Amino acid sequence: MIQNEKPGNPARRAFFRKSLPIVPVTALAAAGGATALVASSGNHLPEVPGPAVNTSLARAADYHPSYFSADEYRFVQAAVARLIPQDELGPGALEAGVPEFIDRQMNTPYASGANWYMQGPFEPSAPPELGYQLKLNVREIYRLGISAANQWCSRNLGKAFADLPPEQQDKALAAMEHGADGFENLPSRTFFSMLWGNTREGFFSDPIHGGNKDMVGWKLIGFPGARADFMDWIERDEAYPQPPVSIEGQRG
Amino acid sequence: MAKTLPKKDVVVLGFGWTGAIIAKELTEAGLDVVALERGPMQDTNPDGIYPQTMDELTYNSRRKLFADLSRETVTIRHTARDTALPNRQLGAFLPGNGVGGAGLHWSGVHFRVDPMELRMRSHYEERYGRKFIPEDMTIQDFGVTYDELEPYFDFAEKVFGTSGTAWTVKGRNVGAGQGGNPFAPDRSHPFPLPAQMNSVSARLFGQAAEAVGYHPYNMPSANTSGPYTNPYGAQMGPCNFCGFCSGYACYMYSKASPNVNILPALRMDPRFELRTQCQVTRINLAADGKTATGVTYVDAAGQETIQPADIVAVCMFQFNNARMLLLSGIGKPYDPETNTGVVGRNFAYQNMATIKVFFDKSQHTTNPFMGAGGNGIAVDDFNADNFDHGPAGFVGGSPFWVNQAGTKPISGTTAPPGTPSWGSGWKKAVAEAYTHHVSMDAHGAHQSYRANYLSLDPTYKDAYGNPLLRMTFDWQPNDIRMNLFMQDKMSAIAKAMGGKAMSLSGKKDGSRFDTNSYQTTHLNGGAIMGSDPRTSVVNRYLQSWDVHNVFVLGASAFPQGLGYNPTGLVAALAYWSARAIRDQYLKQPGALLKA
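For the record, the sequence lines run as chains H and B.
Residue 1 is where the first sequence starts when you use the UniProt record's numbering, and the numbers rise one by one after that.
Residue 1 is where the second sequence starts when you use the UniProt record's numbering, and the numbers rise one by one after that.
Hints were generated in silico from the structure; no laboratory data involved.
Where hints are given, some of them may not hold.
[Claimed, not checked] Here are the computed lysine to aspartate or glutamate pairs in the EDC-like style, where the Cα-Cα straight-line distance is at most 20 Å:
| no. | chain 1 | residue 1 | chain 2 | residue 2 |
| --- | --- | --- | --- | --- |
| 1 | B | K361 | H | E88 |
| 2 | B | K361 | H | D237 |
| 3 | B | K356 | H | D237 |
[To be verified] Between beta-carbon pairs, the in silico distance windows are:
| no. | chain 1 | residue 1 | chain 2 | residue 2 | range |
| --- | --- | --- | --- | --- | --- |
| 4 | H | E235 | B | A176 | 21 to 31 Å |
| 5 | B | G91 | H | E248 | 30 to 40 Å |
| 6 | H | G120 | B | L593 | 40 to 50 Å |
| 7 | H | D237 | B | D335 | 53 to 63 Å |
| 8 | B | A301 | H | S193 | 37 to 47 Å |
| 9 | H | E123 | B | P420 | 26 to 36 Å |
[Claimed, not checked] A short list of chain H residues far from chain B (calculated; beta carbon distances all over 10 Å):
| no. | residue |
| --- | --- |
| 10 | Y63 |
| 11 | S69 |
| 12 | M106 |
| 13 | T108 |
| 14 | P127 |
| 15 | L157 |
| 16 | L186 |
| 17 | T190 |
Here the structure is a predicted model, which means the values were calculated and not measured.
Using N, Cα and C, we set each Cβ at its ideal position, and we do this for glycine too.
Next up, chain H with everything else stripped away, as it sits in the complex:
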């Protein structure tokens, strides 16, 4: 955590803006269709109103993935930006740092299937009510799933996912969600469900895990984080007034 960061400090905001990496134009469309904003700020992260938000949100763009390749990461950035878009209600999954969250998760025991039963024989054609029956762990689902998604998009929509316009990306995601024909290596629904589940996790989990930057997910819905004591509030039919607080003590 950068402790001396003053959220409202314009100089610091300018510093963060300048130090952001140049993002290729092809990736811009993925950022919630925010091309106009990008052109004015030189930053693929659109301007978010309010003094407290900008500096920590800016860090979302600074992250260098450790599991995903550059191409894979472009897919993740583009996909989560459509699943939870930046819109009039505020930042979306991309701005909240969900791609960073997902990449960080790839280096946890969860992503290697460490607490799943992974002995064979495997029966991938089992009825869905019997639960997950593939041999793949989370890392493998992403690697194969991103590659399959890009191939599917190229074949059916003419370009890799991240290069498609937003409406076409939505079409591709909907196809994957409902079971896309010709999706190679694993069922598209398995990949979609993993991606969408992890996107929600990254948007709504404590910022300690790399997503939900500036607690934008919590602020969207009114979750106060680790506030921990509601003895005076439990009986009140009115909105809880305090902004969220994170495990590390950041306040929203």
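Given the structure of chain H, go ahead and fit chain B onto it with the hints provided.
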């Protein structure tokens, strides 16, 4: 080469609620007790400290306190004609892992039992006739009555520090108009603590339930309404409704757990020893098969170890108890073809339905992140046999309730029907719904059937090379009929709340058991108690009919699933069994009842 340790008086398999209770009772009786826990040491500190514990991703999504399936799981199939497949990821149910077991991560809903549910078959036959019970339904009586268990319910509540509102105490009405449950059986004492405050959601539910003619009451909660010291001297702090009960260790020492309420007292007793990361693989039998000589386990270093003992208390999670008996050759395995044998028989679950009501933001703000696991308002008008089942045409009942246990944002975002599943439409809907909705459950009883049973899997093995347990399980027509009935009755409450939208999730004709989505961790049976060794594994004192120094505790003893959550009855039966061991078995070891 297995290492053999010096003999103990008692070896306890598993250290959750029943393991802690039996260990405490038997060390008090002067015995040397060792508890073997397969998982790691866990406790309020460090596993439940503030603010680190308030991490939904780590604890709930990534299953920190739940069973590690990479080591052992169960296989599941719908019918005996199917091939069972492993439950590879936790979903429908969430057994615990480590010290405290599921008692560390449970919610704290702490009921007794409706007395008729202890004599389920007799009651239904008396009131509705023998033919009312479907032929393939194998419900039974427990073999013990509410009056016999009452002192043990009473003591368990004192150990747990349970908050609630009594209806009658020694026959005197104290709860009318105070939040008591008119359907509740008589009590020898009030609850140790008064009921907790209620959330807005629970209050709205109570008002609506009353408006449609039902009888709302305060749920009994093992979350403290105030500071408390239990009979063992264990101290609890007052619950502050932080909302992190289910799936978490309580940093306020407010939610009862074996770790908070019993372990501190046991730790002071030199006759008690707790060994963690010890996986029991077998209960060892003497040559004649009539007594157990102890257990074999694999310790943390991988060393196979024999622990001799005079008494073996099997206190693992429900299905692990049944599996341990099958692996050890104790009791005859159940055969559904011939309806003979006992181990694995009467496997049952619960039968849930959920309704959510969505308010306009000008109507109500429900702050769903606040709450406590056991806290809420319920109605018992359709629980047990509190209504005429004749025209309804099914066996079983459901309490309905709102227990706002703390709805966290990853798992708890919700939206009215018709909302897009992602994108801006989803985002807008969840943002509006989160603090303006209420969720209520029909928490139904579940009956046992010939078709639903436990056995060893022929294919899949655990990390130690032993066969996994196989569940053969599906919803039967009686379950679907009951669920549809309860959805209808609970909808009356939901509609009376006057929200702008409503969503319903429950069973429909043709619903299959689905392992993916959480239902409850309330699994029952497999090593059931009863009065006939041909149809039960243990007698009314939870003593094995076949091997007299083996006692099998927990919900594995339930012949069918209750309407209420099981922990209250699990704890009362553990104290009841412990008392029988202390007062009868130790004086004259042998079968406490003639087979």
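| task | For A301 of chain B and S193 of chain H, compare the CB-CB distance with the range 37 to 47 Å and indicate the outcome. | result | About 39 Å separates the Cβ atoms of A301 of chain B and S193 of chain H, which means 37 to 47 Å holds.
| request: Quick one: work out the minimum CB distance from L186 of chain H to chain B and report holds if it exceeds 10 Å, violated otherwise. | output: holds, 15 Å
| Proposed proximity, E88 of chain H with K361 of chain B (alpha carbon, max 20 Å) | holds, 19 Å
| Holds or violated: is the Cβ of T108 of chain H farther than 10 Å from all Cβ atoms of chain B? | violated, 8 Å
| said: Between the beta carbons of E123 of chain H and P420 of chain B, is the distance compatible with 26 to 36 Å? | reply: Given about 33 Å between the Cβ atoms, the range holds.
| Does the Cβ distance between E235 of chain H and A176 of chain B fall inside 21 to 31 Å? | At 22 Å between Cβs, range holds.
| request: Mind verifying the non-interface call on T190 of chain H? Its CB should be farther than 10 Å from each CB in chain B. | output: Given that every Cβ of chain B is farther than 10 Å from that of T190 of chain H, nearest at about 12 Å, it holds.
| Satisfaction of the hinted span 30 to 40 Å by the C-beta atoms belonging to G91 of chain B and E248 of chain H | holds, 31 Å
| field | Interface-negative label, L157 of chain H against chain B, beta-carbon threshold 10 Å | value | holds, 18 Å
| Can we confirm that no CB of chain B comes within 10 Å of the CB of P127 of chain H? | Contrary to the label, P127 of chain H does not stay out of reach of chain B, its closest Cβ about 8 Å off (not over 10 Å).
| task | With 10 Å as the threshold, tell me whether S69 of chain H passes as away from chain B on beta-carbon distances. | result | holds, 25 Å
| said: Checking one constraint from the list: CA of K356 of chain B to CA of D237 of chain H, max 20 Å. Satisfied? | reply: holds, 18 Å
In this structure, the hints that do not hold are numbers 13 and 14, in rising order.
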